Amino acid sequence: MTWIERALVFSPLDYAAIVLLFCAWQWIGWRIDNPSPRKNSVTMMMDDFRRNWMHEMVTRQPRMFDAQMVATMRQGSTFFASTTMIAIGGGLALLGNTERLAGVAQDLAIGSAPALVWEIKILIVLAFLSNAFLKYVWAHRLFGYCGVLMAAVPNDPEDPQAYPRAAQAAEICVTAARSFNRALRATYFALASVTWILGPVALFIGTAVTFGVLYRREFASHSRSILMDLPPNTGS
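Under my numbering, the first residue of the sequence shown is numbered 339, with each subsequent residue one higher.
Hint data in this document are derived by calculation from the structure and do not stem from the laboratory.
Quantities reported herein were computed from a predicted structural model and do not represent experimental measurements.
Please note that a few of the clues may not be correct.
With beta-carbon atoms standing in for the labels, derived distance ranges [said to hold, decoys possible]:
id : residue 1 : residue 2 : range
1  : Pro350    : Ala489    : 52 to 60 Å
2  : Val551    : Asn435    : 30 to 38 Å
3  : Ser563    : Asp371    : 16 to 24 Å
4  : Val539    : Ala453    : 41 to 49 Å
5  : Tyr483    : Asp371    : 18 to 26 Å
6  : Asp371    : Pro498    : 42 to 50 Å
7  : Gln406    : Pro350    : 31 to 39 Å
8  : Arg479    : Asn435    : 32 to 40 Å
9  : Ala489    : Ser349    : 31 to 39 Å
10 : Glu457    : Ala540    : 31 to 39 Å
By construction, the Cβ of each residue, glycine as well, lies at the ideal position given by its N, Cα and C atoms.
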């Protein structure tokens, strides 16, 4: 089968749906990380609270609460990384048995298609899951770095290195959280891409629903209104 013949196994509607999927994924990620000054995202507001957290940590004795918080975040990234790895394994197993998937599709009256079609659809899901896995792992490492930097903050608030090191820990924590959030978004869109198995129209709907859920949570949710009412104390 030539490249042209392979390209023709998908309809123009399929190509439009997959382009929309990737554009929606990239755009919502960019908007969340670069919100307009008039409408901040929950992610960016939480970054300010993380910086405030590290500022307050300098004078908190003992710092067991702070250590437990970082440990909890590492556990969360570990859980999602492990779950994503299991999902990737399942996708790879399915990739080697696309004939069975094609048979199920026929039984469900979804339609018949060459094995190549099912393989590409599964590969799209695996691409999102792989992206998410790598970001979960990186977030896990960064949360570990954050814990090390927190431990390096002097116990004496009057020490000239106390607040600069706390600020470093805050920025590493912010970077870790952003990696974790990007991994979550990739997971969401991996779920959206599964709908392509039902056809391009289903993928359009799945992409729109995923995009709408993410946009609402970041820019129009009740949790955002609570954060807006409690601006972080940036400290001196």
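Here is what the structure says about each hint:
1. Pro350 x Ala489: 52 to 60 Å: Given a distance of about 57 Å, which is inside 52 to 60 Å, the answer is holds.
2. Val551 x Asn435: 30 to 38 Å: 31 Å, holds
3. Ser563 x Asp371: 16 to 24 Å: Holds, at about 21 Å.
4. Val539 x Ala453: 41 to 49 Å: Cβ of Val539 to Cβ of Ala453: about 22 Å, so the range 41 to 49 Å is violated.
5. Tyr483 x Asp371: 18 to 26 Å: Given about 20 Å between the Cβ atoms, the range holds.
6. Asp371 x Pro498: 42 to 50 Å: About 33 Å separates the Cβ atoms of Asp371 and Pro498, which means 42 to 50 Å is violated.
7. Gln406 x Pro350: 31 to 39 Å: 53 Å, violated
8. Arg479 x Asn435: 32 to 40 Å: Cβ of Arg479 to Cβ of Asn435: about 34 Å, so the range 32 to 40 Å holds.
9. Ala489 x Ser349: 31 to 39 Å: Hint violated: Cβ distance 57 Å, outside 31 to 39 Å.
10. Glu457 x Ala540: 31 to 39 Å: 18 Å, violated
Of the hints listed earlier, those the structure fails to meet are numbers 4, 6, 7, 9, 10, in rising order.
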